[in-house]
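There are 2 protein chains.
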Amino acid sequence: MNQYEKSEQPPTASKTKYASRTELKVAIEELRAAFPLANSVVTDPDALKTHGSSEHSYHPAAPHAVIVRPTSTEDVVKVVNIARRYRVPITPYSGATSLEGHFSGYESISICLDMSGMDKIININVDDADLTCQAGARWEDINHVLKDKNIPLFFPLDPGPGATIGGMVGTGCSGTNAVRYGTARAEWFLNLTVVLPNGRVVKTRRRARKSAAGFDTAKLFIGAEGTLGIVTEATLRLTPVLPTKVAMAQFPDVQKAVSAVQEILQSPQGPHIQCIELLDDHMMDAINTAGFVDKPYPIEDTLFFKIQGDTASAKLASDVVRSIATKHGSSRFQFASTDHEAEEMWQNRKYALMSSLASHPGLRCWTTDVCVPVSRLPELVYETKKDLKECGLHSTIVGHVGDGNFHALILFDREHEFDTASGAVHRLVHRAVALDGTCTGEHGVGLGKKEYLIDELGENTVELMKTVKKAIDPLNIMNPGKLYPDENDKPYH
Amino acid sequence: MNQYEKSEQPPTASKTKYASRTELKVAIEELRAAFPLANSVVTDPDALKTHGSSEHSYHPAAPHAVIVRPTSTEDVVKVVNIARRYRVPITPYSGATSLEGHFSGYESISICLDMSGMDKIININVDDADLTCQAGARWEDINHVLKDKNIPLFFPLDPGPGATIGGMVGTGCSGTNAVRYGTARAEWFLNLTVVLPNGRVVKTRRRARKSAAGFDTAKLFIGAEGTLGIVTEATLRLTPVLPTKVAMAQFPDVQKAVSAVQEILQSPQGPHIQCIELLDDHMMDAINTAGFVDKPYPIEDTLFFKIQGDTASAKLASDVVRSIATKHGSSRFQFASTDHEAEEMWQNRKYALMSSLASHPGLRCWTTDVCVPVSRLPELVYETKKDLKECGLHSTIVGHVGDGNFHALILFDREHEFDTASGAVHRLVHRAVALDGTCTGEHGVGLGKKEYLIDELGENTVELMKTVKKAIDPLNIMNPGKLYPDENDKPYH
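Protein chains in written order, with the UniProt record's numbering: chain A, 1 to 493; chain B, 1 to 493.
Careful, some of the hints might be misleading.
Identical copies go unnamed one by one, so any copy, or any two together, can satisfy a pair.
[As the list claims (entries may be wrong)] Straight-line distance between alpha carbons at most 27 Å, and here's what the computed DSSO-like set of lysine-lysine pairs gives:
hint	residue 1	residue 2
1	LYS327	LYS470
2	LYS327	LYS147
3	LYS149	LYS256
4	LYS256	LYS25
5	LYS295	LYS25
6	LYS470	LYS17
7	LYS203	LYS470
Hint data in this document are derived by calculation from the structure and do not stem from the laboratory.
I would like the entire structure built from these sequences, with the hints used as guidance.
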């Protein structure tokens, strides 16, 4: 008898066998024994449901079987060991801001590992500009703490409000600052502490800024959506806070706005651009209608800028930005002259979702994102607006235009227009992939984008991802059903 | 009988079985048939030896069995398929500039896959600031072509002269520009074409600047030193060429120089710093002695800067740099006032190895690199200089001090001082790891740093790397013997 005859099934068998109902019950009892504190192990049906679904995503969601709230890496090891013993799926959960069904329950048998209590900052090294925290810490809280301590450093990844470090690693997030600072896939995570499916704890690196000691195992977990292990701590690289000016420029059309963006970013002033956000005419209309502004804006395709640097450099950069914008046909260019005005101007960008909803009471909003090479962005925007108009849907568009990343906020009647909205999202993604782009620039795959991965990356690349997944998580207990397309998946569109 | 009984050995068996001499001969015949052009398949003993060793590294080197020169991805697929069929190891080779034995032959049975003929630029997208090339292209040639075409963009990773894109991916390279632009592990490689050990070709992404479509499989190959597959093409992200000023500041000691660096990088002028290089007093002495300069420099620990930006911003940044340097005790601060002077000043940094050798005729030079958090750099430098002095070795030190990356150029008599030099390197690495650093900041692991990986990363992290390796390359044909420590390895120190 060789070693494989002992196991129940050969390791390559494709259908995963999870805990039976009886085994699940025993596993939950073991979790209760391991976490005796009140509210550490929760099976309240309402909580199981709300922890398994998001009001802003529209993918089929199942409730979890149990919620567990760890407070340390050792706690997570305990949970993973119990999960592995009984083959219970684990879905990590923290900020619950993701949009593609990443934290949906799995067939009502999953453990929801609620990391939101693991939100401590462990230490700050001001001299080396780095910081170590638990994975449930929110990026906004981290930056507030640094500000309160008068440390002139910040962590520049800025996804949606409420996002946590663990979730930001999982989705490979970015945000408005990515044009200047790159994304989660750059070098902002110096070191991750991860509990692997086998219960072992790895630290991916030490604290040096650079290392050439093999491939960077941290990068395996960035964008893996919790399918390869549970991130419990992270050492973040910080960067100096710089003075910032806010400006906006309006354009007769998106092509002209994008041409201006390309010239600005390739000019010697490019490095001073912290953010360039595109809000289309519909979005500007929604901002006016929602009533969040003192004085309505002209309804045109608009760029919002953050320009950084000391007063003299920012002044020079601003002059160059204005002159390039004018050259490309900008009809209106405006600087925020006070901090209050800058904040108001920028909030119009930040509250895009809220404005879109407020301008169309009673409708729901399906937010989706794609990303294409910047030169292909105008074509993507035009075709998408035409398509949405033809199928009678209202939609606003906001984009991290410096990166070619584009969000459509599609408004629809939940009862009568769900299929229409779903179809429009589907065609948008195919359009982006056909333009040499990606099905998601920053929201991730989750359940919602799985069906596009082979089209975008090719079968061999997806197979490579699955090979890594199978090797690290042979029992498929880590957030199963997400990210990797499977022949058995039914498309949602 | 289950599926595993059919195979010669269970897939987890640790000792790899490679081609017998007879099988190797057949494999070489098949290579000759597949590549009939002259000089495509070479078995000349001198070439096999020189392609398997480097005059600047001191690790045990074996010759290859055959050199193959592909010109396309399809050619590489042919080689990989033949290699897999006969279980012949493949070692990629191109710039041959690496220092840690990465391209050493394996037990005289390896195929040296000489990629240096695959050096074409395939296309340049100026609007999107990206470029696609074959893996054998040199970074310097790419930047020359861009300059010749008057395209004001460049690729900012700048390892040693002669390095090629494939090798730069393999070692996860960086260089003097890393303080401003990050390393190969950031987002400079948008897409890689890779031939996997199973002969399949993957493209890791499309051409969008950002993607959140799963973990980035390109990152698997960055720093994997050719152990997971052969990179054949790459899409590189480019960045605008900015005007640059060169300056130098001299300090009474390394601690003061490092304190100045920390304050400069965390100031609002930090983003204007393209490079900060530390040359210790011995290095300055070597530059004077080697006679490459018109006028000798004072012999002190010295920082060389590149400051970037338009004239006004660079002027302001330079004033701030000078003032911070003075505050931290800089005795002498000098700007290059002409382009010629700037070039000469910077070349003193670039020719560090040459100067070190020229100043001590007859000696060899063992170049090694480590990296620590910047705040720990002075301690590392002091302890290392003390150690080298105690064992009677001459050495110069140059460092990418903004990243805490440190190169020791240890001069030794090949016949009488090899063991002394080797011991000093060994202690230097242990010292760096003990200071929360890494055994290599940019040179990579190869043969020379394998023995430190478990100490630095821990057994679980190394095991994770090996798990990925085994899953992707179960026959262990891709550059075996490099990077991953093995119980059977004998330490070199």
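- Check LYS327 against LYS470 for me: Cα-Cα at most 27 Å, and say if that holds within a copy, between copies, both or neither. The answer is neither: 54 Å in one copy and 56 Å across copies each exceed 27 Å.
- Identical-chain pair category, LYS470 with LYS17, by Cα at 27 Å: Both, since 14 Å and 24 Å are each at most 27 Å.
- With 27 Å as the alpha-carbon cut-off, assign the pair LYS203 and LYS470 to within, between, both or neither. Answer is both: 21 Å inside a copy and 20 Å across each meet the 27 Å cutoff.
- Within, between, both or neither: LYS256, LYS25 at alpha-carbon 27 Å: Intra 61 Å, inter 63 Å, cutoff 27 Å: neither.
- At most 27 Å between C-alpha atoms: does LYS295 with LYS25 qualify within a copy, between copies, both, or neither? For LYS295 and LYS25, the Cα distance exceeds 27 Å both inside one copy (59 Å) and across copies (81 Å).
- Alpha-carbon proximity context of LYS327 and LYS147, limit 27 Å: between (39 Å within a copy, 26 Å between copies)
- Message: When Cα atoms must be at most 27 Å apart, do LYS149 and LYS256 count as within-copy, between-copy, both, or neither?
- Response: Cα proximity of LYS149 and LYS256: across copies only (26 Å, versus 43 Å in one copy).
Checked against the numbered hints listed earlier, the structure breaks hints 1, 4 and 5; every other hint is satisfied.
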